[in-house]
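J.: These protein sequence lines are chains A and B, in that order.
Everything in the first sequence is counted per our numbering, starting at 1 for the first residue and increasing by one.
Everything in the second sequence is counted per our numbering, starting at 782 for the first residue and increasing by one.
Among these hints, one or two may not hold up.
[Said to hold, decoys possible] Estimated spans, in silico, between C-beta atoms of each pair:
(1) B/Ala1051 to A/Asp440: 14 to 22 Å
(2) A/Ala22 to B/Pro947: 29 to 37 Å
(3) B/Gly839 to A/Glu419: 36 to 44 Å
(4) A/Arg689 to B/Gly1021: 30 to 38 Å
(5) A/Ala27 to B/Asp818: 54 to 62 Å
(6) A/Val397 to B/Ala1051: 41 to 49 Å
(7) A/Asp33 to B/Ile1043: 41 to 49 Å
(8) A/Thr135 to B/Ala835: 51 to 59 Å
(9) A/Glu201 to B/Phe786: 48 to 56 Å
(10) B/Arg822 to A/Ala27: 57 to 65 Å
(11) B/Gln889 to A/Asp33: 21 to 29 Å
[Said to hold, decoys possible] One-sided excerpt, in silico: chain A residues whose CB lies under 10 Å from chain B:
(12) Arg560
(13) Pro609
(14) Ile612
(15) Ala644
(16) Gln698
(17) Ile702
(18) Asp707
(19) Asp710
[Stated by the list, open to error] Footprint (simulated), chain A over chain B, 3 or more residues, beta carbon under 8 Å:
(20) 857-869
(21) 968-979
(22) 994-1000
Simulated from the structure, these hints should not be mistaken for laboratory data.
Glycine included, every Cβ here is placed at the ideal spot set by N, Cα and C.
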Amino acid sequence: MASTAAPPGAVGKSPPRPDGPAKVTGATRYVDDLALPGMWHGATVRCPYPAARLLRLDPAPALAADPEVVVLTARDLPGPNVIQLIADDWPVLAAERVNHACEPVALVAAPTRARALAAAARVVVEAEELPAVLTLDEALRGDPRAGGQQPLVLAACTVERGDVEAGLAGADLIIEGSYETGHQEHIYIETHGAIGIWHGEEAGLEVIGSLQCPYYVHKALVRLFGLPPERVRVRQAPTGGGFGGKEDFPNVICAHAALLSRRCGRPVKIVYDRHEDIIATTKRHPSRVRHRTGVRRDGTLVAQDIEVLLDGGAYVTLSPVVLSRAVLHAGGPYRCPNVRIRGRVLATNTPPNGAFRGFGAPQTQFAAERHMDRIARALGLDPLAIRERNAYRPGDVTPTGQRLDASTNALECLRAAAERTRFRERWRAIERERARGRPDDGQPWQGIGLALVWHGSGFTGDGERRLGARAGVRLLPGGRLEVLAASTDFGQGTSAVFCQLVADAAGVPLEQVQVHEPDTAAVPDSGPTVASRTVMIVGGVLQRAAAQLRARLLAFAAERAGLKAERLRLVGGQVLDPQDRVVASFAELADAYLAAGGEASWIAQHQPPPEIRFDEKTYQGTAYPAYGWCCDVVEVRVDPDTLAVRPERVTIAADVGRAIHPVLCAGQLEGGTLQALAWGYLEEIKLERGRYLNDRLQTYIIPTVLDTPDMETILIENPTPASPSGAKGVGELPMDCGAPAIVAAIENATGIAVHALPASPERLLEARRAGQVVQPQHAGA
Amino acid sequence: MSRAFRPRSLQEAVALLGDPELGAVPVAGCTDLMVLDHAMRRSHRAVVDLLGLAELRGIRWAEGGGSAGGPVVEIGAASTFSAIRADPLVRMHLPILAEAAATIGAWQIQNRATIGGNLANASPAADSAPVLLALDAELVLVGPAGERVVPYRSFHLGYRKTLLAPGELIARIRVPVPVPGTRQRFHKVGTRQAQAISKVVLAMCCRREPDGLLRGVRFGVGSVAPVPRRLRGAEQACEGRPAGAATAERAAAAAAAEVHPIDDVRSTAAYRREVLARLVRRMVLELAADAG
Ligand SMILES: Cc1cc2nc3c(=O)[nH]c(=O)nc-3n(C[C@H](O)[C@H](O)[C@H](O)COP(=O)(O)OP(=O)(O)OC[C@H]3O[C@@H](n4cnc5c(N)ncnc54)[C@H](O)[C@@H]3O)c2cc1C
């Protein structure tokens, strides 16, 4: 038998992550652990109404009780009252109009956190409540902010291909459906926190925060404080989870801490407790998606007419980008000649929604996948058959006119998961059992369901071209290499993967590579750590920079040895000549090179191939450089009396291109799957007068380890030509798949068809009472 | 600044709590108290720690210990749920109490949470409450005016209101030892598998006489009313009837008709009522399925 020798180099193995020991031993210091000399603590004054006119903010009672405290309002801002993101509608502190419950109206700083909180509670907020728009339905009826007769549309876009009306007219059958999803809270383990350090007008501003995107915060602070960019420095502290939640909101809390610091002339820290974090920070956009689909009798899709509505909350935040990803994924991983997808984000008077793992795609693919099951039932097909018929193959064309490349593995994922679980046989057996009727004796019902999804890696459209991500490698004495990138590790393991890619590209052992702390004063702008772009895009830039370093050092070695550079190789930290004799160690070489005054940093920039283009007006072109594919098969057990659902087993088959670090890769898939399942059946936010009722961990229910099913991950590696390592994004892919799969399994077990998330026992009961019950499928049994 | 006291005897604790100058509150595991303090941003002038009091600990057998004269299992109010779920007497005679204890929070909570705190906190969702109702327990209360014994079923006066007088403590819980052959059932419907507050929690206790008829039927239920309560209608529907489908359906209908649950952040009134009825039905059906 041929031995399966491990490939040379670090990529493809699973070395320990560099941040692991400090985290496991508790040595890692998060924002909440940091104490700077003279540091004060900040707290936020919030207005309780969902919509209001601010009449008066009176700090007098707070100052009377504690004269030392500092209170700051919108009047005290050094620059525009704007949180810099896409639109300029999000105020740093509400000044006249309040647009959502718990909106910040003033900030307080005091020597201790307790005093800051006490003072914040004493600041008098006088406001006149105004009519509020609290749901998508109310928004559709008319928003006072848009004149009262129409919704306030925060973003809109449309994708069109072929002729939808003609396609529908020619279809054997038209099937319609409407699907809804609710808010989701990130529940990163570490809540939001930041320290502002004002060094004076000359020395400028420094901020340390728990965040995903240092350069987003940098840009926001430069604008707010009117400082030259080099006088604003943003540093990422070790960050305990993000899931997208630390993409947009750090712009707010970092601005608040910085404002207080400037006012007090000392460092000021703000850390939210869990309750404040839930009430005040962004959530996943609730959605309503309508499908009208034309099919042939054999299940072939001929036309998809899809309308996507997202609830943006009070302000634009990142909604236009969330919407475009939502729309681009809304058809699901299926070919269809005639497609029209129209999307809008409407404003409501609820806290602004923002980035969350998946970025709109989980919402629209929940709808797409449930709709596929509905179509299958209408045609007497099983869930596997309808997907096998329509799933994208290499060479198929997406609604934006993009021709899919060879790394298109929808079918492979579908078949791998289905075969592993004997899906078809078991799904049918349960349908037959339901058809026969089961004794009403409390015995649990079993169910099995599947979903198939795709997820574009990297920024949507021309985003990467506009950004031109820069990242690099620095050579340190002793031949150590340091990764210079603003991409942050907030638990996903980015640091480990960067070290692997750089080690192999430079030709040095993994132990020689380390990652520089993301710090805008020290690292180039490699872009935000979002959109499943880090390994694929930034990793690729780093590989190029490391290759340049390697070439330069080999040239230097050749010069010294009087050889031609092409004749030398750098392998495992040794420079070898054509006879494999060691010419020099890399460490030695590096020191000599540095001593000779050589350039120590190599920075490369991302350049998408010129043929990759996307037109944001027509929504035509290459929407994403690569797509990940994933199929989940979920097995559940349902208590027939309580309708309580237990996910028992999930089989995940995913094509991620190339697994740079298989353990971390599986970790992303499993963690993302659990988060997706929970969004599907467990996590829920109810609102009352625009306030979240589930505003603590007591009532916002996330899964515990006992709620976590067994998981099996099947990695299908089909390298993408779009990145040097072949890796596609993996961070968000699993988030798209779990919810529709578990709801499908519940449907198989109970016959109850739930079209709104979460499929909680309460909602299952409601749906059953409303007659949302499907006939068991036993044809062809 | 608040003060903390660690009295060495129950008498000393009662004296401290009876002192109006101190304004002290009793604390045991603090698993309810601290959560509420934090949420309400409140603090106390003084606290009196009950966990060190020998008089409030221990689980023992007492012959003729109850008002009814039979043997009882007597449980110190400061017993933790970890101690309760592991206790051989409880496991042997009061299996549904051990079962309920094992569903409270998770291990860390069970190591601190006490049964006295669970009852005194008076949440309608307290998981030990339905069990103690089904088992018809009594409470021994100790206060400035001395000791008194009250049936647990009369302890809750209204939403989070109990008949504890100011300064009065729950000292012990006396559970009559069920006669051999008594059936006990417990079912908790929580929001998830652990660290879950009940949406509905139901306990049942009854005998099946040699003639096949059900006797001494008691249902205790939580989370469907402002207080944990008995299901008298369902009990009557079963009392003296044969176990079986007809009785099960009647008991279920009676249960659904006699509770007035609400919609809240955890669940809906409709769900609670429906699920309560289904669980009552299931428990009665299971009695029939048990041989003998
Ligand atoms: C994470 C978490 C999970 C939980 N899960 C559950 C659950 O699944 N099921 C459940 O029922 N509960 C649950 N609880 C609530 C809590 O743990 C229980 O109610 C527990 O039994 C309270 O006991 P304690 O000793 O901690 O009470 P404490 O918090 O110390 O006291 C609670 C109240 O009772 C009073 N008190 C305490 N002892 C006495 C006494 N002997 N006499 C008179 N008054 C007294 C105190 O003054 C206070 O007002 C949970 C709590 C947490 C934090």
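J.: Output the indices of the hints that this structure fails to meet, ascending.
T.: Per hint list: 2, 3, 4, 5, 10, 12, 13, 14, 19, 20, 22 violated.
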